[in-house]
Amino acid sequence: MQWPSLSVILSEIFLAYIVYSIYTLSLLFVSPACEDGKPCLESYLSERPQLDLYMYSSIRRNPASRDVDLVYSGQNFAYDQTQTIPVTLTVPGDTRRNGTLFLHILLTPPSVKRSRTFVDLQKDIFTSYTAIKMTQYVVPEAEAFKLLGDKSHGHGTKKVTSQIIVRPVSHVKSRVTFTIMTDNVMLPIYGMPAELVNHIKIIGKRTFLPIVTCDFLQTRHRDLKRITPQNYTTNVAVEYSPVSLGKLRLVLHVQATMENLRNLGFSDKDIDEVKGIFADTNVYLLGGTFFIAAVHLLFDFLAIKNDVSFWRKKSNLIGLSKWTVIWRAFSQTVIFLYLCDEGSSLLVLIPTGISTVIELWKLKKMSRVDVISSGSILPRIRFKTDCIDAAEVKTREFDAESMRYLSYLLYPLVIIGAIYSLLYQPHKSWYSWSINSLVNGVYAFGFLFMLPQLFVNYKLKSVAHLPWRAFMYKAFNTFIDDVFAFIITMPTAHRIACFRDDAVFLIYLYQRWLYPVDKSRVDTDTITEEAVNFGNNTNKKTN
Numbered sequence: 009m010q011w012p013s014l015s016v017i018l019s020e021i022f023l024a025y026i027v028y029s030i031y032t033l034s035l036l037f038v039s040p041a042c043e044d045g046k047p048c049l050e051s052y053l054s055e056r057p058q059l060d061l062y063m064y065s066s067i068r069r070n071p072a073s074r075d076v077d078l079v080y081s082g083q084n085f086a087y088d089q090t091q092t093i094p095v096t097l098t099v100p101g102d103t104r105r106n107g108t109l110f111l112h113i114l115l116t117p118p119s120v121k122r123s124r125t126f127v128d129l130q131k132d133i134f135t136s137y138t139a140i141k142m143t144q145y146v147v148p149e150a151e152a153f154k155l156l157g158d159k160s161h162g163h164g165t166k167k168v169t170s171q172i173i174v175r176p177v178s179h180v181k182s183r184v185t186f187t188i189m190t191d192n193v194m195l196p197i198y199g200m201p202a203e204l205v206n207h208i209k210i211i212g213k214r215t216f217l218p219i220v221t222c223d224f225l226q227t228r229h230r231d232l233k234r235i236t237p238q239n240y241t242t243n244v245a246v247e248y249s250p251v252s253l254g255k256l257r258l259v260l261h262v263q264a265t266m267e268n269l270r271n272l273g274f275s276d277k278d279i280d281e282v283k284g285i286f287a288d289t290n291v292y293l294l295g296g297t298f299f300i301a302a303v304h305l306l307f308d309f310l311a312i313k314n315d316v317s318f319w320r321k322k323s324n325l326i327g328l329s330k331w332t333v334i335w336r337a338f339s340q341t342v343i344f345l346y347l348c349d350e351g352s353s354l355l356v357l358i359p360t361g362i363s364t365v366i367e368l369w370k371l372k373k374m375s376r377v378d379v380i381s382s383g384s385i386l387p388r389i390r391f392k393t394d395c396i397d398a399a400e401v402k403t404r405e406f407d408a409e410s411m412r413y414l415s416y417l418l419y420p421l422v423i424i425g426a427i428y429s430l431l432y433q434p435h436k437s438w439y440s441w442s443i444n445s446l447v448n449g450v451y452a453f454g455f456l457f458m459l460p461q462l463f464v465n466y467k468l469k470s471v472a473h474l475p476w477r478a479f480m481y482k483a484f485n486t487f488i489d490d491v492f493a494f495i496i497t498m499p500t501a502h503r504i505a506c507f508r509d510d511a512v513f514l515i516y517l518y519q520r521w522l523y524p525v526d527k528s529r530v531d532t533d534t535i536t537e538e539a540v541n542f543g544n545n546t547n548k549k550t551n
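In my numbering, each residue's number is its place in the sequence shown (first place is 1) plus 8.
Read the hints as simulated data drawn from the structure, not as lab findings. On a predicted model such as this, the values are computed, not experimentally measured, just so you know. Note that beta-carbon positions come from the ideal geometry of N, C-alpha and C, so glycine has one too. Hints are not guaranteed to be accurate.
[Said to hold, decoys possible] Estimated spans, in silico, between C-beta atoms of each pair:
id, residue 1, residue 2, range
1, Y439, V16, 41 to 47 Å
2, P47, R68, 18 to 24 Å
3, N239, S429, 49 to 55 Å
[Unchecked claim] Calculated lysine to any residue pairs in the SDA-like style (CA-CA distance at most 20 Å, straight line):
id, residue 1, residue 2
4, K277, K121
5, K283, F22
6, K141, L294
7, K233, G284
8, K469, W331
9, K141, R105
10, K121, F85
11, K313, G361
Construct the complete structure from the given sequences, taking the supplied hints into account.
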């Protein structure tokens, strides 16, 4: 009996852990049982009472009555319906000078006393209350402008570039969402979910008030507006949505997790990308997203493992296109720099950075370079050229021939695209233009640079020299990337490139069908040293 490999065992353990995590997540949507004879809390909303809604703004989280502004009051608030309430907030001088601003939301039963102050409402035992921080410190994004424009705009360009702000400044949220848990549920006193303890306010002995919270998942980075000294007021869309107990518990869990990520050094923008996965998703889609993400991560690991193993043991470069390897190393480096310039999420940057390092290592092996430390400050580099056989020379000839044909189309298009971008598109700096021009060439013509390897395969009438195991893991991940292209925020060009790779893999699969591997030969993944027959392949399919 053959034992499974370590990779298979670890993969199965990892998938089992992911399935268990999804199951644990689904338990959040199961209401805790209230057993007979045990004390339980009943929702105040079970009798559908009338409630009034008040909103105040202030520069402090715990203000006095004289320090708040009433921005909205509404009687008989329809807490069972989703709605949007537009409000106008006054921006005090302290807030304009990089200060803070808070929105206070109070939900209370109607009262015969008409003129109740903010403190009176807070002290009412029947009042549900939450405070939302309306400001957030963010480093402003650099303004884009045309590097070559008219003279008047050129003077403006100098002014913009000389006033680049690198310190965080106060931004106000143009859209916030608050929720009320409207499920008619009974909560056990001694089995209360831990995340709800700080949000439960009990009146009498067995009743808890409506749970009013801010849904931080709905406020995204794009909803922030910079506060300038000229902003005396700001318009805010206050959105309300009734929420189930399960969704409330999920939001509170995610909020605690995001705080932990922030403490670990993740930026607000990275956290914003994760928030986008959880916002506006039901539990089934969320579980599916987690599972797909886990499979993607697993395939990434297996692809890297097999790719590194293939290249580490490869002693000859027969059938492998040198220009394709050079292109992949160059393109991965450019894409990584472009994603850094665009401030993309670490969810995209980290895998791209790892791929860049691997492609550069493969380029070093393809070039047969030895780095020799000779005792001096700078190491010595030596190129090995004495181990190239006739089969590899033939491969290089095919590779050079394909590159010559490709250059007739590629170079003019890249130059024209760079000039067009310089004249007609705004950029943040000359470095940004350089990276954007290079990455546009990478994304637009990346398919063309896959052609040298396809051409070599065609000339050799063989695909046995390719690392197919790693290749198939990458192929699976390419189709998974099509799904995540619409979930994780990334530049549009990077999103389009995900679909471009689909066509490349389909062509490779067609070549594998057209030139089947001879079963009598040792599989390439076991690293054969057998030369490739350059004559007619008897296994080639005919029409």
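- Taking 20 Å as the top limit, are the C-alpha atoms of K121 and F85 close enough? Since the Cα atoms of K121 and F85 sit roughly 18 Å apart, the hinted pair holds (cutoff 20 Å).
- Is the hinted pair K141 and R105 satisfied, with a Cα-Cα distance of at most 20 Å? With a Cα-Cα distance of about 16 Å, the restraint between K141 and R105 holds, given a limit of 20 Å.
- Message: Between the alpha carbons of K141 and L294, is the straight-line distance 20 Å or under?
- Response: With a Cα-Cα distance of about 28 Å, the restraint between K141 and L294 is violated, given a limit of 20 Å.
- Mind checking the hinted window 18 to 24 Å against the Cβ distance between P47 and R68? Between P47 and R68, where Cβ atoms are some 38 Å apart, the hint is violated.
- Query: Is the hinted pair K283 and F22 satisfied, with a Cα-Cα distance of at most 20 Å?
  - Reply: 24 Å, violated
- Does K469 pair with W331 here, judged by a C-alpha cut-off of 20 Å? The given pair, whose Cα atoms are some 19 Å apart, holds under the 20 Å limit.
- How does the Cβ-Cβ distance of N239 and S429 compare with 49 to 55 Å: does it lie in that range? 34 Å, violated
- Message: Within 41 to 47 Å: is that where the Cβ-Cβ distance between Y439 and V16 falls?
- Response: 46 Å, holds
- Straight-line alpha-carbon gap K313 to G361, limit 20 Å: Holds, at about 16 Å.
- Is the Cα-Cα distance between K277 and K121 20 Å or less? Given pair K277, K121 is violated - Cα atoms ~46 Å apart, limit 20 Å.
- Take the C-alpha atoms of K233 and G284, compute the straight-line distance between them, and say whether it is at most 20 Å. With a Cα-Cα distance of about 19 Å, the restraint between K233 and G284 holds, given a limit of 20 Å.
In this structure, the earlier hints numbered 2, 3, 4, 5 and 6 are contradicted, and the remaining ones agree with it.
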